[in-house]
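Sequences listed follow chains G and Z, in order. Heads up: the first sequence at position 225 corresponds to 225 in full-length UniProt numbering, and the numbers run straight through without jumps. Heads up: the second sequence at position 23 corresponds to 23 in full-length UniProt numbering, and the numbers run straight through without jumps.
Be aware that one or more of the hints could be misleading.
It does not matter which identical chain is meant; a pair holds if it fits inside one copy or across any two.
Calculated lysine to any residue pairs in the SDA-like style (CA-CA distance at most 20 angstroms, straight line) [what the hints assert, rightly or not]: (1) K193 with E257; (2) K206 with M91; (3) K250 with D287; (4) K298 with E257; (5) K288 with E16.
Derived from the structure by calculation, the hints contain no laboratory data.
There are 2 protein chains.
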Amino acid sequence: MSKLVIVGTVAFDAIETPFGKTDKILGGAGTFIGLAASNFNVDSAVVSVVGGDFPQEYLDLMSDRNIDVSGIEIVKDGKTFFWSGKYHNDMNSRDTLATELNVLADFEPVVPENYKDAEVVMLGNLHPLTQMSVLNQMANKPKLVILDTMNFWMDCALEDLHNTIKHIDVITINDEEARQLTGEYSLVVAARKIHEMGPKYVVIKKGEHGALLFHDDNVFYAPALPLEEVFDPTGAGDTFAGGFAGYLAKTGDFSFENMKTAVIYGSTLASFCVEKFGTERMLSLTDKEIYNRLDQFKSLTQFDIELS
Amino acid sequence: MSKLVIVGTVAFDAIETPFGKTDKILGGAGTFIGLAASNFNVDSAVVSVVGGDFPQEYLDLMSDRNIDVSGIEIVKDGKTFFWSGKYHNDMNSRDTLATELNVLADFEPVVPENYKDAEVVMLGNLHPLTQMSVLNQMANKPKLVILDTMNFWMDCALEDLHNTIKHIDVITINDEEARQLTGEYSLVVAARKIHEMGPKYVVIKKGEHGALLFHDDNVFYAPALPLEEVFDPTGAGDTFAGGFAGYLAKTGDFSFENMKTAVIYGSTLASFCVEKFGTERMLSLTDKEIYNRLDQFKSLTQFDIELS
């Protein structure tokens with residue numbers, strides 16, 4: 001069992017989908033990653049910042065799941081980061097209605113002393129310099145650093161992003177972002193170019209079409225589970241990353257073979273996340289449900305061809 | 001080993017891609033399906049029509065691969081169906097530059113006498129009434145009827161399409177067409193509605209994102225092999241269908257489990273088809289290459305999770 005440090009936003013979201021809308025509810029990359037990873041009973045800490053308006057019950061809810069919250073700074077006279085978005089009918093695209101950075105604007109992550117020796121670090125989507133500052137605080141070089149990012153940082157902090165991803169092992173990125181980062185349409189070629197930028201492992205997320213894991217000349221494809229209904233995609237990518245990181249931290253095996261399994265766990269957890277608004281489904285999730293859905297993933301993808 | 005009847009166009013294509021362009025070359029759904037199925041050494045016949053301008057060498061090329069061409073009518077004073085298209089840079093969309101129906105306009109398929117007892121029938125993309133007339137000529141009810149179609153027939157012959165698909169076992173259709181046919185965005189819901197229209201098995205083709213096979217509550221996902229370069233997508237869908245039909249005809253096992261394997265064979269052959277213009281790659285394909293690529297498909301999708 002490895003220690004896992006997670007950096008990412010802990011936030012309020014207000015979400016509108018064709019199925020309904022929410023008030024301000026619990027959200028943020030750090031939250032979704034932490035909740036997903038907590039299914040593996042790992043020793044994890046979330047590093048983040050919230051305002052004085054952030055309810056203690058949300059912090060308790062993480063603590064109850066064995067997530068260390070001592071690295072979540074509370075700025076008493078500040079307001080918590082707030083994001084609001086509206087999904088279109090196809091659920092694949094959305095409009096951002098509001099982004100209020102609030103306390104996130106001056107966020108300087110501080111890794112708790114007793115997590116500076118963590119073997120696994122999950123850098124949620126944040127400014128690449130913020131991600132780098134977490135790495136710089138680690139006492140030892142972590143065995144595995146996973147980084148998530150987005151097109152926004154390619155537009156406005158590309159050089160910083162390039163500098164940070166030199167120091168990481170795994171990048172998770174969606175297909176359009178991989179194309180933007182490399183200027184290559186073919187994801188096979190894009191993954192190779194990203195390898196050359198630093199990460200030995202490249203995970204390309206394709207939403208409803210699943211995820212690809214690249215390492216040298218190896219590639220693994222985990223489909224997304226075909227769902228009757230996607231209720232709210234918010235947090236699915238972070239839940240995927242949290243499942244991936246959590247499984248790897250639990251097993252301490254960072255081989256390509258084990259990463260395949262980690263990708264399947266990530267996809268499995270993400271398939272639950274989208275069933276309800278925000279974190280709701282993740283908070284009610286049981287081990288038995290995860291087990292049954294892993295079994296569905298096996299049926300979905302496993303076949304028998306005798307190659308003699 | 002079952003007999004396989006294939007109906008579909010045998011045509012000339014002229015193709016332009018970002019990589020180059022061709023003169024009039026061999027094309028057509030019947031051609032691609034037949035060539036793909038011929039890899040399984042099945043006893044197959046292609047039912048189609050060509051004009052007097054169609055080179056004997058193309059017919060010989062099919063005969064050499066054990067494809068019965070006696071059902072390909074030659075209209076001596078007519079011209080062969082011609083299609084011309086230009087692919088965009090992403091290779092996922094294309095403009096049709098020319099469609100000259102020629103002899104196809106009056107095509108009335110005639111199934112050769114000694115193939116009227118075929119166990120497997122593959123109805124390539126044609127007018128639903130043309131597809132139905134092939135079924136009506138069969139002496140016995142075939143054990144398996146597979147139908148491919150496209151949005152064009154939904155636009156202009158929807159009622160005929162509905163009547164024809166009542167009589168088939170498997171439909172192959174792409175994702176956008178499945179959505180158009182059912183008015184449902186979710187492919188899971190769309191597949192269920194298509195089941196209710198007749199086909200017990202629904203194959204939804206998603207291009208570079210692979211294919212889904214639905215049967216009752218079962219679903220199987222075959223990814224497309226991630227490729228460095230798609231040179232020319234023409235015929236990939238038909239090659240998929242031909243591999244699927246050919247494998248099923250060879251094995252005579254029409255169970256869901258065996259159809260999974262058939263989908264993998266279809267995807268494997270389609271991954272070759274796109275590597276060169278038109279039928280070029282399919283004509284040079286060896287058993288060893290197919291074997292090696294099936295092995296790649298296994299590596300791509302198979303994982304090991306102990307569910308105890």
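Consistency of the hints with the structure:
1. K193 with E257: neither (22 angstroms within a copy, 38 angstroms between copies)
2. K206 with M91: Both: 13 angstroms inside a copy, 18 angstroms across copies.
3. K250 with D287: Classified as within: same-chain Cα gap 15 angstroms, cross-chain 43 angstroms, threshold 20 angstroms.
4. K298 with E257: The answer is both: 16 angstroms in one copy and 13 angstroms across copies each meet 20 angstroms.
5. K288 with E16: Close neither inside one copy (30 angstroms) nor across copies (53 angstroms); limit 20 angstroms.
The structure fails hints 1 and 5 (numbered hints given earlier, in ascending order).
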